[in-house]
Amino acid sequence: MTLMPAAFIGHGNPMNALERNRYTDAWRALGRAVPRPRAILVVSAHWYVHATAVTAMARPRTIHDFFGFPPELFGVSYDAPGLPELHEQVADVVSPTWVGADLDSWGIDHGTWSVLLHAFPEADIPVVQLSINALKGADYHLQMGAALAPLREDGVLVVGSGNVVHNLGGVSRAMPDAGFDWAQRFDERVKELMLTDPAAVARLDGHRDFDLAVPTPDHFLPLLYVAGMAGATGTTAEVLVDGYAYGSLSMTSYTVGMPAPRAEGSGLAAPLPEAPPPDGANI
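So in this note's numbering, spot 264 of the sequence shown is number 264, and the numbers just go up one at a time.
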């Protein structure tokens with residue numbers, strides 16, 4: 001079995017699912033470049049709960065977990081199969097950490113399908129999600145990523161989906177393709193570490209801009225799974241695509257274990273809906 005790479009995707013707002021821009025073209029390039037996975041395991045910012053669990057249903061539903069977007073986005077369905085037996089494999093590699101099997105409460109949320117619609121548009125590869133345990137600190141998530149590294153040897157593509165900088169209260173519609181100074185400083189520091197010492201990103205809570213860049217941990221923590229995987233295998237990351245949206249969102253994405261494929265796309269990240277305000281839309 002070919003060793004699978006891993007990736008972190010800065011997914012931005014869910015309208016990217018319907019857009020062609022330089023970010024979504026990079027996601028498409030990633031999907032074309034990776035060997036065909038046996039399954040895709042996604043750690044999405046939008047399954048942030050008080051437990052560590054894996055979806056274990058044969059047909060996961062498409063979840064529209066956002067508000068205020070146009071009807072065509074709510075009409076999107078990503079009908080990939082699940083892979084119930086992957087729960088046992090995940091539980092085994094991270095033992096003694098307990099991992100629950102979610103049989104019916106979750107599915108495929110927009111942190112997953114907005115990316116996979118571009119990377120794997122046929123939806124014919126099994127997709128499983130791993131929840132982010134909100135009760136645990138950064139080291140737990142970094143170590144979980146390291147523990148998951150052996151899955152790459154069995155054809156599993158591990159993807160973290162979030163945003164390095166994700167401050168919805170700070171969004172500025174006047175900055176559709178730019179970042180505030182504090183957002184750029186934090187994103188650049190993360191980039192420096194991902195390219196040299198990925199495991200060190202777990203210690204960035206002391207950075208001067210951390211509280212602005214990461215006001216809530218949900219979108220940052222998926223990065224730690226990919227950083228932990230890189231650290232466990234003695235590798236570093238490459239930048240798949242980088243940039244900013246609306247001042248306070250970083251769109252930076254990374255690959256681990258493969259050269260970042262080139263993408264020729266152009267255009268800004270998807271526009272935000274007019275209402276509700278971004279911090280009330282669950283993006």
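Simulated from the structure, these hints should not be mistaken for laboratory data.
The beta-carbon is built from N, C-alpha and C at its ideal position, and this holds for glycine as well.
Careful, some of the hints might be misleading.
Distance windows between CB atoms, simulated [claimed, not checked]:
(1) Thr196 to Pro70: 40 to 50 angstroms
(2) Ala275 to Glu88: 20 to 30 angstroms
(3) Ala101 to Gly155: 16 to 26 angstroms
(4) Asp92 to Pro35: 36 to 46 angstroms
Indices of hints not satisfied (ascending) = Failing hints, ascending: 2 and 4.
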